[in-house]
Amino acid sequence: MKRIYAIEELCLNCRLCEVHCKTAHSLSKDVFKANKYEEPTPESRVTVYGNNFASAALNCRHCDDPKCVKACITGAMTKDKTTGIVYVNENKCIGCMTCLAVCPYGCIKQGKAAVKCDLCRNENEPACVKNCPNHALIYVDKGGEEK
Amino acid sequence: MKYIIIGASAAGLACAEQIRKEDKDGEITVLTKEKYLPYSRPSISSYLKGAVKENNMYLRKSSHYTSEGIHIVTGAQVKIIDRKSKTVKAGRKTYPYDKLCICTGSKPFVPPMKNVDGKENALTFLDLESAKRIKRLANPRTRAVVIGGGLIGMKAAEGLSKICKSVDVVELAPHILPSILDEKSAKTVKKHIETEGHIKFHLEQTVTEAKSSKNKIISLILKNGDEIACNLLLLAVGVRPETELAEKCGLEVSRGIITDPATMQTSDKSIYAAGDCTVSVDMLDGSKKIIALWPNAVNQGIAAGSQMAGGKITINKSFSVNAIDFYGLRICTCGLINVQGAKYSDKVICNGDRYKRLIFEGGRLAGYVLINSSENAGIYTNLIETGMDLSSLSGNLFDTPNPFLFVKPVRNKLLKGELDL
Amino acid sequence: MSVNYIPRRFTVVRDKELCINCGCCVRQCSNECHCFADDRKTVISHSADCVACHRCVDLCPTGALRIEKYVCDYRENANWTPQYQQEICRQAQTGGVLLSGMGTPKDYPVYWDKILLNASQVTNPSIDPLREPMEIRTILGRKPEKLTVEKKGKSTVEMPPQVILETPIMFSAMSFGSISLNAQKSLAMAAKELGTLFNIGEGGLHPDLQPFTDRSIVQVASGRFGVHSDYLNNSKIVEIKIGQGAKPGIGGHLPGEKVSVEVSNARMIPEGSDAISPAPHHDIYSIEDLRQLIWAIKQATNNKKPVCVKIAAVHNVAAIVSGCARAGADIVAIDGFRGGTGAAPTRIRDNVGIPIELALASADQRLRDEGTRSQISLVAAGSFRCSADIVKAIALGADACYCASAPLIAMGCHMCATCNTGKCNWGIATQRPELTKRLNPDIMYKRVVNLITAWNHEIKEIMGGMGINSVDSLRGNRLMLRGIGLSEKELEILGIKHAGE
Amino acid sequence: MLKEGQVRIPSGCAIAAIIDRKGGMINGSEIIKSIALMHDRSNGLGGGFAAYGIYPEHRDEYAFHIFYENAQAHQNCEEFLFKHFNIDVAERIPTKKVDSISNGPDIWRYFGRVNRVRMKNSRLDESEYVVQCVTKVNAAYDGAYIFSSGKNIGCFKAVGYPEDVGEFYMLDRYNAYLWTAHGRFPTNTPGWWGGAHPFNILDWSIVHNGEISSYDTNRRYIEQFGYKCTMQTDTEVITYLFDHLIRHHNLPVNVAADVLTAPEWAEIDRMDSDKKEYFTNLRAIYSGALVNGPFSVILGSNKGLLAINDRLKLRSLTAATKGSRAYFASEESAIRIICPDPEKLWSVSGAEPVFVPLELNEEEDV
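Residue numbers (this note's numbering), protein chains in the order written: chain A, 1 to 147; chain B, 1 to 421; chain C, 1 to 501; chain D, 1 to 366.
Please keep in mind that the hints were generated in silico from the structure rather than gathered at the bench. Any given hint might turn out to be false.
Unchecked claim - Derived lysine to aspartate or glutamate pairs resembling EDC-like cross-links, with alpha carbons at most 16 Å apart: (1) B/K317 <-> B/D260; (2) B/K33 <-> B/E129; (3) A/K142 <-> A/D64; (4) C/K152 <-> D/E352; (5) B/K312 <-> B/D260; (6) C/K154 <-> D/E277; (7) A/K79 <-> B/D260; (8) B/K413 <-> A/E9; (9) A/K36 <-> C/E17; (10) D/K344 <-> D/E332; (11) A/K81 <-> B/E68.
Remember, it's a predicted structure, so these values are computed and weren't measured experimentally.
Please put together the full structure from these sequences, using the hints given.
As structure tokens, then:
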């Protein structure tokens, strides 16, 4: 199954992945409304760390043996058996953020419920990858095969 | 192979599911004294304040148990474990087992107080049933008092404050949340809770006596003589491991059930134990203690389940990690917090309502307390868990931890996994 | 900073309605034209150093940015134009030679735009390139005078080294130093995929380009940077660079601060030292000296590599080309004065040399008059903007064309012409790692491949229209060209008729 | 009105040829019959024939056929000819009055050998000397035009339909072992007899159908080597290409044909290494001699007959054989009318030139 990987050497620190992630996870799906007017403000599930000299965008690795799923006290965090995607059920999540406290990659954000990458719900290509101007984010199989 | 698991919360469920992963055919029966399918016990405070509906509290869909072949028996209070005949008795039924796992969790600890026991408005707060009962009793006119300023007590107080006219918390210790917070941070939290939740604290106090009328408490007298009105009393002083069954059948028990720290096997080779009812060894200081926290219970349940099914998973990393919030104030703690000694040091960064305290053991991270600054706390947790030498880091540990905390080869692995790009 | 008497050139216009304050522009502008306001949330722009490179415009996710020419009127004067006044002010301030990047922006005639192409109607059929083979394969190198055969099907002629190109378009010299390694790598990858060549310029060979040397033209320029036996032998063609269209008669100067470890290794000069390319080759003061260098290179490469001599198009270009051919050059490249550069003195760039169209036409005719045209290859350079320019150049007589600006534009260059500042926001003309990484060779080489593939298609389309199915039959086929609005003299030099004739 | 050489005039055409490999004689009426069938492929603005072996009694002498437009041209040209050649015979070419052909020039023929003293002084070999003399007359003597200059061959052409031209020259009185014929469809009205085909130099004669799109490439290529394309016709440039390749570069005729119609690269890439090298070298060296665009060409010479078609087969050309004879024509019917039952009949392909060598015992080496 495919995962998003980040290539630091190519990351421009433009943070457009964040902008487009917010858009993809907004109600309007409109870059302008999503990033400016929508309430509640959609959260980006990908975060760029670093500065212009060295930066990288990080989002959920969708681990094989996810600590967040094990730590989830409500059963809201699950790993889909077929797609391998780790999802949060926002109705079940009470926002305790134990998942955040155990994620070794720092890929979960706090919100009313836990906020994390859902690979755009198995879209062909997640929004962050699609919109990365320098292909610093790639969506590939673990073996590294492209698409 | 017949597996019996007593208790259906974090450890019990994890244990059952792990067994199924490794043994496709074994007969798995989970006995729970509660009348509900496995649900999120920590969510009962959210339930109390109305943030979550009951149907969203169940950990799995009921179809999950059918498809996984896990037989859950609700309302089955186990009375006896008969090690000789390898059976357990619950109600009128006897369940034979080849492997047994005890995941009985905790029971509330109620300190002796005059005129409290048996009063119909004096309740504990540990399971869904109790939460439902409280919810029925509490109303906007209620003056609630919570005894205990620990995790359960404070979550209960928060829940009640959304419903009741007033909430008082009585705590013996000099600060609230003593198990997860140090004194300084506890003060910050307390202030926040007082402002946001209008909760009144009575620290370094105990209730000596209750006044009652018609089998209902109407007020409480504190150690210092103060009297506070009360028409709903919550007893949340603390919990103790539920070890009664184990003790009765002669297993080794101290504060909790004693198990092999790796395999969760008890002194009886056919019997395992996992979760809050056991004694854990804190990997960080080697101390034996009760780590009554969800992730620990799940890990223990998985290890026990695997071992029972002949698998190889063991547990060797027990430590406490906890995340909680009060009125939007996020608290995240992990590892050793209230430790003393020359080998420990700590550093606190305080900036407005953001508080970050890191506890070090030599050149390693041993614990943290994060208030409103818990972003990416898992990276700290991982540093604690792996015992990484902090001198190998390239970034500032006190910034929000992120991949750039690590040197490039480590960082690359975080970003690219095993990919060779 | 003191007052510098020169108004800024551009204004960044930010549509506050559209701006989502994502800060992308702030982080992308190396000229620091955008910043966060004091609230650290609102993005604002100040335009003083804007060069209109459009990095912010192109990356802005909501299209909130626009670059406008900063209009500031001077009292009208057709002679003392604002540009001259500003240049005077700049020199008054710095006391230095004015420097510019890219080709001259001045309004000299572009003859490509005054030449029209032919197509077949009735008397012979046009050819559909989608249905019929359409050949653009081009072979460079010295050709023997004639073929000798044992019999039909068996050649006995000894061929000098030849280079087969799958398109008549090559990438002209851009050195590591003037452009980034990533830009070079993109061109190298594209050349490999396209079956053409890229020219590594005079800055030596970076080890990362080693896998592409079989598609490379290596330069021996007056600075002789990085020239050694392996360098010459790891190539397809060795090019002696005598001159450059943008700065004929002028050497080069890569300041020491740009000579990083990598640049110093490739150029084989000490780190931090100025890399000076002298104006002349100090071992070539005459045509016979050139002959010696050509033969020396042929010796060093065991006669395995064609030797190209690249000259700037100057007034007596035809005679010089003919001389180079007689001195033993297998290929002569002529660089017209509109050709680009990383940095050239503005006055030279804008005033010295002649257009490639005229230079090419007269050089081709001269070689034909001498009867040597079929034996050597002519490469034209100096601003090919589209496939039609290439077709016209080939019809005038070029074997192949050198393109540089076009592939750079494909890689993001916006012709802001500030290459000399080293702050190229597109990661092309810079060595700053935070900027060079913006150019991902894996993306950019595909864009370059796409561009040239598109041009190839268009060339084939145009050829098909002419009823020609091989570029061989386009080469020198000036009957396919007609001038429009050209004087008798211009037509005579170009060797073409006027439209309607 | 501009004539050939002053303007480039595209034309459509009919071509036909007959050859007897063994040198058996064929009467001119046969080729007239063949070309006449393709009447509609020409428009009455040019027709012509080339005949090989018609002057056996003068086989060692050059036969010059010349158009004179005026007496002055006649005088100047003869002066030049007599100076450079030892002329044995000078006579008018016999013609018959034909209604459709009028306004013709004075048509003369001369038989003679080169003036050896002058040739030696010019330091040219014989054929080059002859070519230069012919070129000189055609370029410099206004009103005189040498349209045939080989040994034992003759070119006959005029403005008119080819069958009328045949009648005009009374070709049924001539017997040849190789005939080529041409009917022309020019888009303009040049009205100049010299512009009709075949085009001849020495013993090369070419009839050609098509308009080559590589004309200027080929012209500028061949003009590097001293040729001057005064006619601006495809036929002229193709003739010169053959002349150059065969006479100057010593290439066999079939190799020269390969140069003009070299296979496509895609095909060359699939060939075995010898052939690949051969064609790669050939295309590299002679890229300027590749002929592009639609054409079918029949090249007559003392060595035999070569028929080539363009690479894409954009022009028709059919070939047939029977016994020692080979027939070529733009249309199959034009062959069948004179050879109803050929042994073999095929369409000449773009990739495979057809060369029919003459097997004469007394073959002359040119």
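To see whether the hints hold, each was checked on the structure:
1. B/K317 <-> B/D260: holds, 13 Å
2. B/K33 <-> B/E129: holds, 11 Å
3. A/K142 <-> A/D64: holds, 11 Å
4. C/K152 <-> D/E352: holds, 12 Å
5. B/K312 <-> B/D260: holds, 14 Å
6. C/K154 <-> D/E277: holds, 8 Å
7. A/K79 <-> B/D260: violated, 30 Å
8. B/K413 <-> A/E9: holds, 13 Å
9. A/K36 <-> C/E17: holds, 9 Å
10. D/K344 <-> D/E332: Answer holds: D/K344 to D/E332 is near 12 Å, not above 16 Å.
11. A/K81 <-> B/E68: holds, 13 Å
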